[in-house]
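Full structure from sequences and hints, please.
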Amino acid sequence: MAEYLIKNGFVFDPVLGIKGDKADIAIKDGKIVETSAIKDPKVIDATGKTVMAGGVDIHAHVAGPKVNVGRNFRPEDKLFGYKAKSGIERMQGGFSVPTTIRTGYNYARMGYTTVMEAAMPPLYARHTHEEIRDTPIIDQGAYPVFGNNWFVLEYLKNHEIENTAAYIAWLLRATKGYAVKVVNPGGTEAWAWGLNCENVHDPVPYFDITPAQIVKGLIEANEYLGLPHSMHMHANNLGNPGNYTTTLDTFRLSEGIKPNSKFGRDQVMHHTHVQFHSYGGDSWANVDSRTKEIMDYVNSHENITIDMGQVTLDETTTMTADGPFEHHLTELNHLKWANTDVELETGSGVVPYVYSPNIKVCAIQWAIGLELALLAKDSMRVYLTTDHPNAGPFIRYPRIMKWLMSREAREQQFDAFKHRDKVIDATNLAGIDRELDLYEIAQMTRAGPAKSLGLAHMYGGLAPGLEADVAVFDFNPNEPYAPDDIENAFSSVRYLFKTGVQVINDHEIVSNGNKRTLWVNAKVNENPQVMRDVKEKFLRYYTVSLNNYEVSGHYLPNPYVIEVDATG
Amino acid sequence: MTKTVPDVICPFCGTLCDDLEVVVSDDGKEILEVYNACAIGAEKFLHSQAKDRITRPRMRQEDESWKEISYDEAIEYTAQMLAEAKKPLMYGWSSTNCEAQAVGSELGELVGAVMDNTATVCHGTSLIAVQDIGIPSCTLGEVKNRADRILFWGCNPAHAHPRHMSRYSLFPRGFFTGKGHTGRKMIVIDPRPTDTARVADIHLQVEQGRDYELLSALRMAFRGEQLPDVVAGIPKEQINAAAETLKSGRFAIIFFGMGVTQSLGKNHNIDIAIAVTRDLNEYTKAAIMPMRGHYNVTGSGQVWGWQFGFPFAVDLSRGFARYNPGETTSNDLLRRDEVDAVFVLGSDPGAHFPFSSVKKIYNLPSVVIDPHETPTTEVCKVHVPVAFVGVEVGGCAYRMDNVPIETRKVVEPPEGMMTDEEFLKRVLTRVREIKGV
Numbered sequence: 000m001a002e003y004l005i006k007n008g009f010v011f012d013p014v015l016g017i018k019g020d021k022a023d024i025a026i027k028d029g030k031i032v033e034t035s036a037i038k039d040p041k042v043i044d045a046t047g048k049t050v051m052a053g054g055v056d057i058h059a060h061v062a063g064p065k066v067n068v069g070r071n072f073r074p075e076d077k078l079f080g081y082k083a084k085s086g087i088e089r090m091q092g093g094f095s096v097p098t099t100i101r102t103g104y105n106y107a108r109m110g111y112t113t114v115m116e117a118a119m120p121p122l123y124a125r126h127t128h129e130e131i132r133d134t135p136i137i138d139q140g141a142y143p144v145f146g147n148n149w150f151v152l153e154y155l156k157n158h159e160i161e162n163t164a165a166y167i168a169w170l171l172r173a174t175k176g177y178a179v180k181v182v183n184p185g186g187t188e189a190w191a192w193g194l195n196c197e198n199v200h201d202p203v204p205y206f207d208i209t210p211a212q213i214v215k216g217l218i219e220a221n222e223y224l225g226l227p228h229s230m231h232m233h234a235n236n237l238g239n240p241g242n243y244t245t246t247l248d249t250f251r252l253s254e255g256i257k258p259n260s261k262f263g264r265d266q267v268m269h270h271t272h273v274q275f276h277s278y279g280g281d282s283w284a285n286v287d288s289r290t291k292e293i294m295d296y297v298n299s300h301e302n303i304t305i306d307m308g309q310v311t312l313d314e315t316t317t318m319t320a321d322g323p324f325e326h327h328l329t330e331l332n333h334l335k336w337a338n339t340d341v342e343l344e345t346g347s348g349v350v351p352y353v354y355s356p357n358i359k360v361c362a363i364q365w366a367i368g369l370e371l372a373l374l375a376k377d378s379m380r381v382y383l384t385t386d387h388p389n390a391g392p393f394i395r396y397p398r399i400m401k402w403l404m405s406r407e408a409r410e411q412q413f414d415a416f417k418h419r420d421k422v423i424d425a426t427n428l429a430g431i432d433r434e435l436d437l438y439e440i441a442q443m444t445r446a447g448p449a450k451s452l453g454l455a456h457m458y459g460g461l462a463p464g465l466e467a468d469v470a471v472f473d474f475n476p477n478e479p480y481a482p483d484d485i486e487n488a489f490s491s492v493r494y495l496f497k498t499g500v501q502v503i504n505d506h507e508i509v510s511n512g513n514k515r516t517l518w519v520n521a522k523v524n525e526n527p528q529v530m531r532d533v534k535e536k537f538l539r540y541y542t543v544s545l546n547n548y549e550v551s552g553h554y555l556p557n558p559y560v561i562e563v564d565a566t567g
Numbered sequence: 000m001t002k003t004v005p006d007v008i009c010p011f012c013g014t015l016c017d018d019l020e021v022v023v024s025d026d027g028k029e030i031l032e033v034y035n036a037c038a039i040g041a042e043k044f045l046h047s048q049a050k051d052r053i054t055r056p057r058m059r060q061e062d063e064s065w066k067e068i069s070y071d072e073a074i075e076y077t078a079q080m081l082a083e084a085k086k087p088l089m090y091g092w093s094s095t096n097c098e099a100q101a102v103g104s105e106l107g108e109l110v111g112a113v114m115d116n117t118a119t120v121c122h123g124t125s126l127i128a129v130q131d132i133g134i135p136s137c138t139l140g141e142v143k144n145r146a147d148r149i150l151f152w153g154c155n156p157a158h159a160h161p162r163h164m165s166r167y168s169l170f171p172r173g174f175f176t177g178k179g180h181t182g183r184k185m186i187v188i189d190p191r192p193t194d195t196a197r198v199a200d201i202h203l204q205v206e207q208g209r210d211y212e213l214l215s216a217l218r219m220a221f222r223g224e225q226l227p228d229v230v231a232g233i234p235k236e237q238i239n240a241a242a243e244t245l246k247s248g249r250f251a252i253i254f255f256g257m258g259v260t261q262s263l264g265k266n267h268n269i270d271i272a273i274a275v276t277r278d279l280n281e282y283t284k285a286a287i288m289p290m291r292g293h294y295n296v297t298g299s300g301q302v303w304g305w306q307f308g309f310p311f312a313v314d315l316s317r318g319f320a321r322y323n324p325g326e327t328t329s330n331d332l333l334r335r336d337e338v339d340a341v342f343v344l345g346s347d348p349g350a351h352f353p354f355s356s357v358k359k360i361y362n363l364p365s366v367v368i369d370p371h372e373t374p375t376t377e378v379c380k381v382h383v384p385v386a387f388v389g390v391e392v393g394g395c396a397y398r399m400d401n402v403p404i405e406t407r408k409v410v411e412p413p414e415g416m417m418t419d420e421e422f423l424k425r426v427l428t429r430v431r432e433i434k435g436v
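Those protein sequence lines, which keep their order, are chains C and V. Residues 0 to 567 in numbering that gives the first Met the number 0 are what the first sequence spells out, letter by letter. Residues 0 to 436 in numbering that gives the first Met the number 0 are what the second sequence spells out, letter by letter.
Read the hints as simulated data drawn from the structure, not as lab findings. A portion of the hints provided could be inaccurate.
As the list claims (entries may be wrong) - Derived lysine to aspartate or glutamate pairs resembling EDC-like cross-links, with alpha carbons at most 16 Å apart:
no., chain 1, residue 1, chain 2, residue 2
1, V, K408, V, E432
2, C, K41, C, D23
3, C, K335, V, D270
4, C, K335, V, D131
5, C, K534, V, D6
6, C, K335, V, D278
7, C, K84, V, E105
In this text the structure is predicted, and so the values were computed from the model without any measurement.
Next up, the structure:
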């Protein structure tokens with residue numbers, strides 16, 4: 000492989016602790032190496048530019064059946080969102096639900112190199128992997144959903160942690176999944192009858208278990224296994240006024256549990272898109288921000304990480320395994336609604352949504368998301384996301400960086416709101432002066448998510464030994480800049496390397512890279528009971544046979560398997 | 000001795016049964032028995048054994064006779080045809096695997112083709128309706144485990160999806176449906192007294208072409224509104240009774256077929272059928288599902304969804320994907336003389352397209368990729384036989400509920416026979432050489 004030396008850039012790297020000092024980054028054999036280790040490198044002149052590791056997105060909906068429902072039922076999303084075939088680039092389409100090819104290219108253009116699909120229905124794992132295969136450049140993994148899974152509900156009713164862990168290990172292997180995802184625990188199972196679980200103590204119909212038991216049990220099973228990533232949480236009561244109490248109740252379920260993982264993470268729960276879970280009030284008329292309560296808790300508990308779920312004020316497409324929430328949304332906005340309940344496992348819904356700056360609630364949501372990041376004491380534990388595409392498309396990440404780094408940009412947005420004063424009264428953002436710097440942005444988009452995922456040994460930094468995922472941006476932090484300069488620079492990377500291969504040169508895509516699919520193979524003690532239960536449920540209740548359920552290797556042309564040994 | 004291959008997937012219809020057992024000869028070359036399949040599915044496997052099967056490509060001669068050619072010659076003809084065409088139609092894709100569909104998409108992109116699948120004469124109208132209103136649906140296992148109200152509208156699964164009722168819809172005992180069919184009520188809405196209607200609790204013999212009116216009447220009945228004495232030939236008492244049956248269930252499922260997708264009203268029928276389902280969700284849990292015909296027409300819509308953003312009728316001729324049924328659909332393009340070459344794979348437009356469209360295909364440069372002899376092979380210039388997907392080569396297929404299942408290879412194809420995917424890859428490579436990219 001070629002050697003590269005990226006010279007004279009301003010480096011922002013929390014792993015190395017570099018806060019904008021000039022440094023040279025050397026690449027060899029797909030890895031970052033000491034500059035002394037390269038002999039005859041191609042030199043990339045990064046003078047006056049910002050250098051960071053490739054971005055890591057811990058939570059996005061970019062591959063799988065509900066994303067494809069979004070694509071196929073929204074032809075209008077392609078109307079102004081296409082790009083013709085050109086050179087090495089294939090055809091691209093879509094704005095909020097981009098095609099797989101556009102997804103890979105758009106992430107790369109922002110300097111992102113690793114993206115995790117946040118909710119994979121296990122029965123549809125093959126579909127998710129086919130889409131991941133067709134997404135160029137970026138490494139990807141997918142989180143199978145567990146929180147409404149009949150095996151999990153039955154084992155955790157009696158708190159059978161070892162059985163739950165054995166089942167998790169089996170399902171991760173069968174689906175080639177990366178982590179344990181929990182969505183509206185119990186509530187999506189209830190949705191198969193048109194019902195829901197609206198708080199952590201609401202019993203799940205027919206299963207004699209509560210969301211609290213599901214969540215606590217899955218955290219413990221995850222730590223029993225020592226998986227790279229913690230349990231990844233989407234709590235009950237998403238999107239409802241007054242839901243912050245449910246969120247705090249959910250956080251408390253992780254109290255006292257320490258991480259048991261060799262992968263370097265400190266958290267036992269990652270709670271996603273917390274913006275949607277931080278509302279006070281009791282109706283949309285008086286909804287307000289409760290980020291102070293939420294962040295007081297997060298800041299004082301090191302075993303939790305969160306991501307933002309920032310509203311970007313776009314027309315977008317919501318999609319989630321939280322089936323009852325999506326039905327609620329279609330009743331709210333009367334736009335088209337797709338729903339799929341998945342046997343024994345989960346459900347999902349898809350509804351288009353317009354986050355208009357003229358609607359007070361949308362503006363409040365916008366402010367809440369930013370507050371989460373600005374109130375964080377440790378930017379290594381709060382991550383930048385839009386819950387793509389739910390709160391907005393991922394192509395808006397650079398705009399979110401602008402809002403976080405510039406009080407002026409936030410004030411401009413406030414002034415554009417129709418209900419400006421009411422929004423200011425209902426939120427805390429106008430009173431927050433803090434402006435994040437690029438080091439903190441690198442924590443929230445690189446080192447932090449990589450650590451939370453248990454991938455700090457590969458991604459998120461520029462230390463020797465890490466994957467050579469390097470992004471060079473046309474942004475000089477030492478020169479005066481306007482807020483829009485931030486968004487412009489971080490929307491279009493000047494140079495990008497993925498595993499040591501140059502994929503973008505002078506803003507142009509020059510290679511489709513050699514993307515990998517990440518999955519976790521957890522080894523557990525033999526568990527005859529779980530295997531018997533699996534066989535029986537496939538025979539009696541699934542409509543596919545057990546032997547046709549497992550995703551075979553050819554769906555992952557370039558797998559990266561992370562081995563975990565939980566035997567003993 | 001023989002050996003039995005278990006858990007085989009049936010590559011016939013959208014039911015995509017995956018519990019077949021195929022007995023093959025010891026040398027792995029001959030299929031001897033097929034168990035657990037319906038009669039059509041069993042024949043799908045057994046007739047791949049036909050001794051008179053065509054195993055090499057052939058080209059039509061000036062005197063209308065066939066001349067056998069090599070695969071290399073077929074690849075060359077196909078690549079030249081596609082590379083030279085300004086707007087080729089690449090149609091079908093429903094009876095092949097997703098792997099071939101993905102390569103075909105890349106080929107279509109390279110030559111600026113219009114890609115269309117059999118949805119254009121089948122459930123394309125359903126896809127259009129879903130784009131208007133969405134679709135509350137579920138997997139077939141939710142039907143098995145929960146549904147106690149089964150409605151078949153404009154379809155006849157007893158004939159077209161023979162194991163659907165026994166595997167998924169009417170007869171199975173699921174987790175919450177332990178009584179099987181005695182715990183369910185089945186409604187059939189069809190102008191014909193079909194074999195499916197014979198096992199129904201309620202058969203509403205709707206007048207032909209009046210499905211929209213009956214669907215609308217059901218929505219009124221759900222809300223307790225006054226109905227005319229008779230709607231679409233059904234007395235209001237029966238409509239009200241059917242509405243009450245649906246509302247009183249705990250999980251209702253509507254399966255619909257080409258009786259509503261391709262009769263008068265087309266996508267508007269499906270639009271209002273989905274609205275019926277949405278309305279039912281105010282009273283109970285309800286879902287709706289199209290009875291897709293080909294075993295992987297669903298898959299082709301999925302592959303194009305993630306690659307181009309649209310499920311059928313995808314026009315790539317301008318270098319980016321465009322979609323406009325009525326403009327970019329196969330029959331409209333053919334009849335307006337807008338395409339200058341035709342490539343068919345995994346379907347039979349010769350049998351299913353209007354005759355006026357078939358005549359257009361006959362007059363154009365054309366290639367058909369199909370293991371069978373069909374009406375389409377009779378009007379095309381080159382016929383390329385390939386291995387049977389689901390019998391002689393595996394690959395991904397999507398069930399009518401969009402669940403992906405990987406089909407199994409059970410026997411070797413005839414010696415030297417190419418698969419769809421191999422043929423397409425060779426054509427793609429050759430087109431790249433011709434175009435110099």
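Going down the list of hints, with the structure as the test:
1. The hinted pair formed by K408 (chain V) and E432 (chain V) fails the criterion: a straight-line CA distance of about 32 Å is larger than 16 Å.
2. At roughly 13 Å between alpha-carbon atoms, K41 (chain C) and D23 (chain C) fall within 16 Å of each other, so this suggested pair holds.
3. The suggested pairing of K335 (chain C) with D270 (chain V) holds, with an alpha-carbon distance near 11 Å, which does not exceed 16 Å.
4. A threshold of 16 Å between alpha carbons decides the hint, and for K335 (chain C) with D131 (chain V) the separation of about 7 Å falls inside it, so the pair holds.
5. With a C-alpha separation of about 14 Å, the suggested pairing of K534 (chain C) with D6 (chain V) holds against the 16 Å cut-off.
6. Between the alpha carbons of K335 (chain C) and D278 (chain V) the distance comes to roughly 13 Å, so the proposed pair stays at or under 16 Å and holds.
7. Between K84 (chain C) and E105 (chain V) the alpha-carbon distance is near 11 Å, which keeps this suggested pair within the 16 Å criterion.
The earlier numbered hint that this structure contradicts is number 1, and it is the only one.
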